[in-house]
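Produce the complete structure using the sequences and hints provided.
In order, the protein sequence lines correspond to chains Y and E.
If you count by our numbering, then the first sequence holds residues 1 to 723, one letter each, in order.
If you count by our numbering, then the second sequence holds residues 724 to 959, one letter each, in order.
Derived from the structure by calculation, the hints contain no laboratory data.
One or more of the hints may lead you astray.
Said to hold, decoys possible - With a straight-line Cα cutoff of 20 Å, these simulated PhoX-like cross-link-like pairs (lysine-lysine) come out:
1. K538(Y) <-> K519(Y)
2. K734(E) <-> K753(E)
3. K71(Y) <-> K231(Y)
4. K836(E) <-> K753(E)
5. K936(E) <-> K583(Y)
6. K869(E) <-> K930(E)
7. K936(E) <-> K543(Y)
8. K66(Y) <-> K195(Y)
9. K583(Y) <-> K930(E)
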Amino acid sequence: MKKIIAGTIHALAVLMLLFSIFMLTLGTSDKTALDSIRQPEYITSSAFESRVSESVNDIFDYINLKDLFEKKGTLDLNQVIAQGERNGQPASYSLDYLIKYARSMGYYLNDKNELADDGPATLSHEEDLKNKIRVTYRAYMPDYQPSSPADGIMSMGQLARETLTYLAKYYAVRSEFFDHATNLKFFAYYAQGDKSVTYTNDAVMTPAQIADLGKYICTNSTNLEVRTNLKTAPSNVIPLLQARNPYDNGDYEFAVGIDTNFPAEDAFQEAAHAYDARRRSAIIGIILLSISAITAAVTLATLVLLAGHPEHAEDNRIYLFPLDKLPGDLVLLMFAGWFRAADHLTPALLDSIELILGSLPAWDFWETSVSFLLKYIIFVPLCLSIVRTYKADVLWHNTLIYRILQLVRYYIHAAALTAPKFWSYFLFLLPNAASFAMIVVLLIRFFQHQSLFAFLVAVALFFIMLAIDFYTWRIATGLTKAVNEQVKSERLKADLITNVSHDLKTPLTSIINYVDLLKREHIDNPRVQEYLAVLDQKSNRLKTLTEDLVEASKASSGNVNITLTEINYSEIVMQALGEFEDKFHTCKLEIVEHYPDHPVMILADGRHLWRVIENLLNNCCKYALRESRVYVDISEEDSRAVLTIKNISSSPLNISPEELTERFVRGDVSRTTEGSGLGLAIAKSLTALMHGQFVISIDGDLYKAEVILPKVTNKAKLTESTS
Amino acid sequence: MQTILVCDDDKQIVEAISIYLTGEGFNVLKAYDGYDALDIMGNNKVDLMIIDVMMPGLDGIRTTLKIRETSSIPIIILSAKGEDNDKILGLNIGADDYITKPFNPLELVARVKSQLRRYTQLGNIGDPQNDNIYTCGGLVMNDDTKEVTVDGEPVRLTPIEYNILLLLVKNAGKVFSIDEIYTSIWNEQAIGADNTVAVHIRHIREKIEINPKEPRYLKVVWGVGYKIEKQDKDGD
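This is the structure in structure tokens:
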């Protein structure tokens, strides 16, 4: 739930961020949003000042054009505008004539007092070009002097057009200052002697009153400076004033004032309102921008922190989504692909939107923001996926690169099982490197010579190598798996033996102890005594059996520690016989021993060898015929020493020697005598573990056991004797 | 009366051991896991502890380690794990003896008594001043009186057995082969096959060891010879 809320807030914040950027960028003509915030009021802004400066220019245009086109306050259509020669004849053209001529060519003034040329025309441009004239005087260019006979040659249309341009300007200025109420008031006064002329758009106001308006520029001929409360006064006021002076060096007075309350509906009011609106939107935009940026950052951080964690705080596991199981580098690649696709997709998308909604303002903004959104929608889940895999600690293990490396490692590992490591690296890297080089060479050839054959060979080579690598990988993983399973099963076996032996021994301990405790009760009933004897005997037999069973499974599965040391074969046999002296005496068996007269050094584990000999001698006690002889011999072969124990069996041996060393097979088929039937099996396994050989042979009632073990080599002996 | 703490997760085994020990006149405390044992150790004066290895909760090995931080009482480990590695581990972490299950109750009682004697009596005896007294763990040989005691109990040995044991004790830790022992005891070269020495050794073991098959003092180095295990001074 927390995540859904955070995600929703984040999405909203990002949209708001885009919206605020939209607010800030839209309508910016020449200034940044920060600038408009910094300049708090329109009347102090540079936009205002440049508008004032334009208006001042317009005022002087008006002064100029008024004289040109007006007579007694109205437009004088009969005024001569231009003089010149036509076909060698002097000619003069009135305003009326020029306007008519221009109109016949399709020129007219539109409702904004701009010159337009798409009106109905009766005279084409080609025809007009034939009406060549040479102009020598134009009213709007009083200082013009033709300097050569070729100067001033133009068509009637061009002249009419020029005139109309000035007329358009005149109308525009008039409409600016006179046709509507304005916030700008001006007063220009020229005088010389008793002649004076005044230009103003508000005849009621005196220059002093004009200067009292919010913003003003005033000057007069006694002052060299311009008085103003603008930050920068238009620098061309005095030059223009003098240039427009009809009396050359006459006195003048000039005042411009702007009512900063903007009561009249004019361009100033409009600009002021636009400026204020713009400023408000800039401020709101900046606030929105900061709020949404902070919100987006905080929610993104929250999402990152929450990623992978479940709703319940006490559950510390990291949960992954199906997306997270994809290899990380693959996802990154897909993301890069999506980036490119988004760039291509956006214009197409916007085109189709335009088809539905009509043309969009601020195309650039829309393009940037749509492609940003498209990328961002994919970017956030991807980031969170990477964060989750990082938290789950599978970021690296999930990547394709890791898998490929793992593959190589598997291969090397499996190859190292059968060949030296160097060779396995060599065998893996060499063919791959060679084929890679070949493919590169072939591809270069393909690009240089457009050889299709080279390309096909390269592709074939690539697939062959891929197949070989795949199969080696299969073999490698198979081998590794097999080895691992082998190791695992060995360990399981060892564990099983330990556990089973523990589980068997614990109850057995109680049985033996309580049988013993019962015996100590000294119950007089002879039958109870008899039963107790059976219990005692059988529980002890169970004990031996358990111990033997554990030992046999350990020996046969190889779960024993073997420490091979140099020992004297004769010595251990003598020690063993010493241990069995009493037992043989009670069994009425006579031992006949024969040892070589020098020590017979063998490599064996003393304790395990003692167990082997003990089992053999125990068997003699159990199965040898009473009052017979047991022959114990040690003899030497080339590199081996042989212990031979021979005895006469008390019962007929009608089983094969091979069977005797099987587990649970015993010399007496009735199995009444004590013994587990594991002795020989254990002896055989232990001997094998010491790299020896255990041989049983039966010849009638003669039973012969041989324990053959490797002798210490002469070399080893020599080093020992010198040390 | 001496107090013995018996700790095993199998209640019947604890009960049986307690019957034997009570019969021998000991006061027995029972615990069924390592935490119980530590609890009882903290609240009672215990002279000896018998502890199982494989127990739920705190096992015998960790319990022994914990107890050894504060106490030096004899500890006998009683375990179904009979591997050499297990025994070596048990003795190394501070146990004084290691008995494998299934055990002979009489052997257990004998070992308990032996440990207690060494701990309470011999542990307090200062180093013998007499040069002719040889000790090895609980085994003490007085060459002046020709007396041999194990954990304070006198042992009767024949002259040959005594000489063999003395040779081994004097050179504790050194392995003697049958030939070497024969030469030094009988003062003549051994002539070929004879297992007399081996038989004598077994007899000595039967007299001085509680369990001759798992000797504490006189060890058989199979295929090499015999030796007396060199033991640290008492009380260490």
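Each hint, compared with the structure:
1. K538(Y) <-> K519(Y): holds (14 Å)
2. K734(E) <-> K753(E): holds (9 Å)
3. K71(Y) <-> K231(Y): violated (38 Å)
4. K836(E) <-> K753(E): holds (18 Å)
5. K936(E) <-> K583(Y): Holds, at about 14 Å.
6. K869(E) <-> K930(E): Cα-Cα ~15 Å, so holds.
7. K936(E) <-> K543(Y): holds (16 Å)
8. K66(Y) <-> K195(Y): holds (18 Å)
9. K583(Y) <-> K930(E): Holds, at roughly 17 Å.
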